[in-house]
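Number of protein chains: 2
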Amino acid sequence: MAEWIWYPGDFEIHQGMLQNCVREERGMRWPAYWYMDDCLRNVRLFREYVLTQEERFQVKICGIGYVRVNDEKHRCGETITCMPGRNLIEIFVANPEGLPCAWAEGTVIRTGSDWSADDMAGHIEAAGTSGLYQSPEQDPNRINWQEERVPCVSRRKVNGGCLFDFGRAVTGRPHFLQYPSGVRVTVCYGESETEALDVERCYYKEENADEHTDFRRRAFRYLYIPEKEAEQIEAEALHQFIPIPVRGTFACNDEKMNRIWKVSMETFRLCSGLFILDGIKRDQWIWSGDAYQSFFVSRYLFGDEELVQRTLLALRGKDPVRQHMNTIVDYSMLWIASVKNSYEMSGNREFLDFIYPKVISLLEYCLRQTNESGFLYGREDDWIFVDWADLDKEGCMCAEQVLLAHCLQCVVECAAVLGKEACGYEERLRKLRRNITEYFWDEEKGGFIDSYESGKRHISRQSNLWAVLFDVADEAQKASILKNVICSDAVAPITTPYFKYYELDALAKMGRLKEVYGKILEYWGGMLDMGAVTFWEEYDPAQTGEERYEMYGDPYGKSLCHAWGASPIYLIGRYFAGLYPTKPGYQEFAVQPEGIHILERFSGEFPVKNGTVRISWEKPCLTVSADVPGGTVILGEKSYSLLPGKTLKLEV
Amino acid sequence: MAEWIWYPGDFEIHQGMLQNCVREERGMRWPAYWYMDDCLRNVRLFREYVLTQEERFQVKICGIGYVRVNDEKHRCGETITCMPGRNLIEIFVANPEGLPCAWAEGTVIRTGSDWSADDMAGHIEAAGTSGLYQSPEQDPNRINWQEERVPCVSRRKVNGGCLFDFGRAVTGRPHFLQYPSGVRVTVCYGESETEALDVERCYYKEENADEHTDFRRRAFRYLYIPEKEAEQIEAEALHQFIPIPVRGTFACNDEKMNRIWKVSMETFRLCSGLFILDGIKRDQWIWSGDAYQSFFVSRYLFGDEELVQRTLLALRGKDPVRQHMNTIVDYSMLWIASVKNSYEMSGNREFLDFIYPKVISLLEYCLRQTNESGFLYGREDDWIFVDWADLDKEGCMCAEQVLLAHCLQCVVECAAVLGKEACGYEERLRKLRRNITEYFWDEEKGGFIDSYESGKRHISRQSNLWAVLFDVADEAQKASILKNVICSDAVAPITTPYFKYYELDALAKMGRLKEVYGKILEYWGGMLDMGAVTFWEEYDPAQTGEERYEMYGDPYGKSLCHAWGASPIYLIGRYFAGLYPTKPGYQEFAVQPEGIHILERFSGEFPVKNGTVRISWEKPCLTVSADVPGGTVILGEKSYSLLPGKTLKLEV
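First to last, the protein sequences are chains A and B. Numbering-wise, the working numbering comes out as the position in the first sequence, counting from 1, plus 1290. Numbering-wise, the working numbering comes out as the position in the second sequence, counting from 1, plus 1290.
Hints are computed from structural coordinates only; laboratory data are not their basis. Misleading hints may appear alongside valid ones.
Chain copies aren't distinguished; within one or between two, either way the pair holds.
Stated by the list, open to error - Heads up, simulated DSS-like pairs for lysine-lysine below, C-alpha to C-alpha not over 25 Å straight-line:
id	residue 1	residue 2
1	K1350	K1552
2	K1735	K1495
3	K1608	K1683
4	K1363	K1350
5	K1721	K1939
6	K1648	K1608
7	K1350	K1495
8	K1546	K1518
9	K1495	K1363
10	K1350	K1768
11	K1495	K1447
12	K1768	K1735
13	K1495	K1899
14	K1746	K1873
15	K1683	K1735
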């Protein structure tokens, strides 16, 4: 089957740019505030075939151009005949407005990743393709939304108008099943009922609409039409999405946990399309820090390599690096770590090889702002984010050095996979690790301080959580951090769900899964108790009124369907079910189900590369099976080999 | 008056990319075969105003975005009110498909070059504007073609169809004044009658056309409609152009010279629009080598700084440099020289300051391929062009070193204007000049050899012409070159009009204007004798049949309206009338009319910065006047000051 082809990375970069332009707020379009790369405008796509018989083929392009066969020019769209023997097929395509790409199909001649792509400046790479674009009727410049009808579950009169509730979050558009002729109405959207009813201040509103209006794709659960004619309107919602098969399942004896899994899944599916976004209403941008966490969730829910690759490529854009990713220094480094993590999941050496130069150029960009101790410092206009929290950001920050050490470690590992030289990075890493402990470890306080330059010796959870997770802390330091930082009430608590992810991950990693369980029930369970159908960007149990929807100074600024809200999927898969790769691409993997000490029973299926692992627990019996080799079940000190297709039953 | 604004250079880069995609050949679109830059996708345009009273303004954008006034967001298109005092107006605009740009107008608040533009990666520059886009109804993404009706001058039956002759070259489209209903025809275009009548092989053809067809803008003089219904068709042509005022005039006692001036003017006007193109039918691309010469013609015909700037910016694209300009090493260097030449003409320090970093990055790109002698060598895939001629291209070529020396000289001069440091380049230049003579000067042959590495000691006109024109040859060497190379029948003659320009320029520079005169009458006069209404890409008097239209292996591949065909304008203005700047921007200029020794009488007007110089000669009386100060009339050893507004009459 022929596939659409383009210069590799360009589909993702172009669509990523479009994605970062999608955001809308109260009638204003709000493009992301960073430098946006775009695809190449002009490319050559080519392959040589040695044909054993005469062959006819056709070429379709998006853009303008022509086909050259053995130096003879042909029009696109016409049937071209090749003689037996060597045939060099070159498709020249420029697209002044979008992605230049091509599709060709004959008997033998078929565009695909075995074609080459030339940027017209001497850089030739294997052509890019996507499983989403394999038909000549498609156009890789357009997203092929699948549509699903969502009926209205309740419809009631409010303030003289009508409120429609679709019972779930939708990304799509209203569709009127019955509409009074000649009437124009205002359609107010809401993630919450409160928002939809707030005609003045709701985030999305379509004025002067009628049954012919071409509504933009927007996120909503409620629609409110304030005009009295609304009574005569019947509406459904058309949910628009890119289907990504769900391969992870989980159910246990705790109904709340089951609902948390389901709502996490719903949340994550809604945030995943061509890319993994932060949220469906706000920002709809691709953020590296959010993606870093989402990749772990995605691993247990979808196991979809292309989704991860698309998101990584869109985030990274083109060389040269113009600024830190999303303007945030830490986000550049989290992206580098994400590349390594994606390799861990996929074992896809080809993709690693392709993206490696982009990793190096971004790493070098970071290293240009390091001092003689190897510490990364912020330059003017650099955003050293870490977290929304009261951190001591004077001078070089511990959190950034820990991230940098992790980055270097990741790059050293990637280099080893590809057989590339990375001595310089190893040397830097050794020195950096030494200096982190020398400058930031505070023996008296039993943890890493944020900054040594300020003299304040301020301890935060953030730096220490990263030090634990990214293995910068040694075992003794980890134990001390657990006691003196993570379990200390004297250290300011984490208040953002963004860092709550790292905290729960660290706690689970250090064997405190019961505590994690409690926190999941409390935090995510709390949202469910408030009627959440998707998980929110942030949840504060103290807020019960309209202030729940407020964020960043906007009454409806809070995203009620936010990808990082889905992190229970990761915690469940990684720790409760206990599945994780021990060699890239799950060539080898462990099943270390800590959940058996907490839950009475559970069963789950999780994707691994080319297969599925099934784990079920019904006290006292653990059953594990996998359709791929390489598995080991770990129970305490003991481990058991898992044979493909064979079910392992263990009594605990 | 408010102007449309954008990130500086982006309008030119984006439109230049579109221009390089315009080419068409026999139903195929043919984008240029080099790397194409495009504009930024996402920018911030801003200015602070201190208002003394309340002010209302509106913003229009091309793309998506919003307006932020003192941190408060507003919709584009709405009336925004500012209070007295400090007001920071920021327009955020992304354009996923084209040029992001904005227009704002209130009483005081008006977009213009006093606004700033941010690339969202920390590079802030003065906003770009164009005299062509000063109305809110315009869209800088579209070209505002002016249309002129061109009547058909003859219409005759040929081979059962009809041939329409418009008597002149047109860039535009057919317009049917009378058309038989329900009929579809084939419209064959031709620069020549032969081409239009060649239904199979003509360059442009519109099949299945009727009176509703939206014809593309194309170059033609003739149209042929082969169908018998053509008899019922009456057509005119709609010529589409960007008006650029002609400020240069010339007339003399030699009618042939007068016609050469007029046809040169016609040719050059047709090739000039947003940019100076090579030709109107083929390639319609922006070539640096062609532009280098065209800038000199433009100086005497239009004196239009913006046209030159647009062409320079479109050619150069964005940093980093991805490849040599138009893929040709010499064209990179000719571009650098063109920047200096444009400054010489305009004295526009602001533009020089803006473009200087692009000059340096391109120069550095060239210098990366130099050896220990300072010589530039070709790398694999580099195109060392010089000329279509039998040159000895082994190893480092003399012609390239001469160009490089000229480039370095130009950059040193530009740096001096801007008060920038350029010692390194001066040092390189000294060394390079020394080495050129040491390695390439052949005392025995009395000229520079093409290559010293081959051992062939091959002498060509090309290297020596550049050595003379770019002042690499000293006076003694120049004299020797004139005798032993330029006037030697043993050295292969120049065969391309591209290098004929350099040859005539060098001859004129060395006082051989009479010879130049003869060659102009012979070469350009020859084309007139063949019925040319515009000057051709190439002219060989020996060709008289259909082979005249052939080039590059294509029966109609020769461009019959080619910018470099207009070089008599330069030769006339520069040498016959003798006008040239001696300080940047014609702050000081000379009038050294060598034409008085050749022509009985002539009179001409030529543009200088902010003014016009009038020169007329009627044996024995020379009359010169200028409306700007700084002029000096030079006659042999004597010179006379020219006062603004005062006519200087001299008896010779």
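*asked:* So, against the hints stated earlier in the document, which numbers end up violated here?
replied: When the structure is compared with the hints, numbers 1, 2, 3, 5, 8, 10, 13 and 14 turn out to be violated.
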